[in-house]
Amino acid sequence: MAIAAAAVVPASTAAASVAVVLMLVSWIISGRAVATLRAAAAQRVGQAVLVFLALLAVDTIYSVATWEDSWSSLWSWRKLALGLIVLGLFAEETWKLHLLKAFLVVSAAGSAASYVGWLGLIPSKTGHAAGVYFTNHATQGITFAVAVLCCLELGRHTGPRLRHLLQAGALLFAVNVVFISTSRSAYAALVCVVLVWSLGRVGWRRLPLVAGAVAVLVAMAFGLSSTLRDRVEQGIDEVRNYQSAPEVTSAGIRVVFWKNSLDLIAERPLLGYGTGSFAKAYGDRFVMPELGWRGWPATDPHNQYLFIAVENGLVGLVAFIAILVAAFREARGPSAYRGIVRGMLLAWCVSSLFNSHFRTFPEGHLIWLMVGAMLARVPRNDSAGSIQPDSSRARSR
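In our numbering, the protein residues as written are 1 to 397.
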């Protein structure tokens with residue numbers, strides 16, 4: 001069920017929710033819940049996640065928000081807990097591979113539909129641009145960028161025939177992002193995964209060479225794709241003109257959110273306003289109807305790091321960054337699974353400068369389920385208390 005959840009979450013949040021519930025039920029009745037949590041807690045990533053979740057819970061005590069809002073915000077971080085569970089479940093390489101296969105099958109189906117829809121051969125999804133059939137355009141674009149990474153990493157460890165098939169798949173996913181996607185986050189994610197994969201092939205000593213090659217590819221994409229070029233130029237213009245723009249813009253309102261969030265952080269830098277407090281703290285200080293869209297309320301600053309700093313202070317931000325550092329350190333090595341983690345983490349770290357993708361439903365579930373599964377390893381002390389494969393545990397996967 002964890003495999004199903006990670007595979008379908010970009011396409012259907014409802015299906016992912018059902019898969020998560022079934023995963024939790026099968027995990028609980030398997031009788032191995034305690035053992036899997038012990039295995040996860042034995043890893044540095046698991047320890048960092050536990051510290052951060054505990055901090056979020058403690059911060060509900062002094063939050064300026066209502067208890068309902070505080071616990072709702074805490075609940076929104078449940079993806080981290082799910083990642084903790086799969087960190088103790090997916091030690092066997094077979095299950096990692098099954099997850100990636102399922103993810104690529106769903107992504108390939110979505111990509112095929114996207115191309116056909118973009119050509120006008122099938123109706124567009126209601127409320128979405130042509131070629132978008134996943135949850136939204138950003139989720140779809142980022143998912144295809146991850147699919148590029150998965151194809152390239154798996155292709156390094158397969159025979160020539162399958163390698164060529166995976167490389168062709170990577171190319172089709174990348175072309176979709178460049179020419180069909182309108183998500184700037186997806187563009188950034190694609191650059192990140194290509195950069196990380198390339199460095200994994202040639203090593204960090206050749207970073208200048210790799211960065212130059214990636215820059216050339218970006219310039220080519222910018223010149224060839226009018227969609228990409230228009231979206232990037234639009235974002236730049238919106239940032240430049242946010243102070244004078246009469247109407248709200250996607251990038252312009254983000255700048256307002258960021259500036260105001262920094263002011264909130266300056267007032268309570270260490271501990272913040274408490275879990276679930278962002279909307280109230282922001283509203284009490286900055287909501288002013290007379291300012292037009294610049295005085296609109298906000299529930300999220302569209303920056304993951306600012307969101308955490310406002311609610312949980314620099315202490316919370318350091319605790320969150322500790323998770324990322326632990327995951328990056330654990331992802332060192334030539335393994336394809338670790339290469340996927342490195343690429344996804346960098347993509348999410350960059351896109352979360354403009355969104356809260358570590359916490360939003362589709363992106364949050366995808367990153368933490370994938371990172372947990374790919375980093376899972378057999379406990380060093382494989383004794384009677386360790387996790388052994390059984391049918392009930394297989395069902396929870």
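Each hint should be verified, as a subset may be incorrect.
[Unchecked claim] Within a straight-line C-alpha distance of at most 20 Å, the following computed EDC-like cross-link-like pairs (lysine to aspartate or glutamate) qualify:
1) LYS280 <-> GLU290
2) LYS280 <-> GLU267
3) LYS280 <-> ASP263
4) LYS259 <-> ASP230
5) LYS259 <-> GLU238
6) LYS259 <-> GLU247
7) LYS280 <-> GLU93
8) LYS280 <-> ASP69
9) LYS101 <-> ASP69
10) LYS259 <-> GLU290
11) LYS125 <-> GLU92
12) LYS259 <-> ASP237
Since the hints were derived computationally from the structure, they do not count as laboratory data.
Here's how the hints hold up against the structure:
1. The suggested pairing of LYS280 with GLU290 holds, with an alpha-carbon distance near 19 Å, which does not exceed 20 Å.
2. For the proposed pair LYS280 and GLU267, the alpha carbon gap of about 15 Å is at most 20 Å, so the pair holds.
3. At most 20 Å may separate the alpha-carbon atoms for a hinted pair to count; LYS280 and ASP263 meet this at roughly 14 Å.
4. The hinted pair formed by LYS259 and ASP230 fails the criterion: a straight-line CA distance of about 26 Å is larger than 20 Å.
5. Restraint check: the Cα-Cα separation between LYS259 and GLU238 comes to about 15 Å, which is no more than 20 Å; the hinted pair holds.
6. Note on LYS259 and GLU247: the hinted pairing holds, with a Cα-Cα distance of about 18 Å set against a maximum of 20 Å.
7. Between LYS280 and GLU93 the CA atoms are separated by roughly 45 Å; this puts the pair beyond 20 Å, and the hint is violated.
8. Distance check on the hinted pair: LYS280 and ASP69 sit about 9 Å apart at the alpha-carbon level, within 20 Å; holds.
9. For the given pair, LYS101 sits about 38 Å from ASP69 by alpha-carbon distance, which is inconsistent with the 20 Å threshold.
10. Annotation: proposed proximity of LYS259 to GLU290 holds, straight-line Cα distance about 18 Å (limit 20 Å).
11. For the hint linking LYS125 to GLU92, the alpha-carbon distance of about 38 Å lies beyond 20 Å, and the restraint is violated.
12. The suggested pairing of LYS259 with ASP237 holds, with an alpha-carbon distance near 18 Å, which does not exceed 20 Å.
Of the numbered hints listed earlier, those contradicted by the structure are 4, 7, 9, 11.
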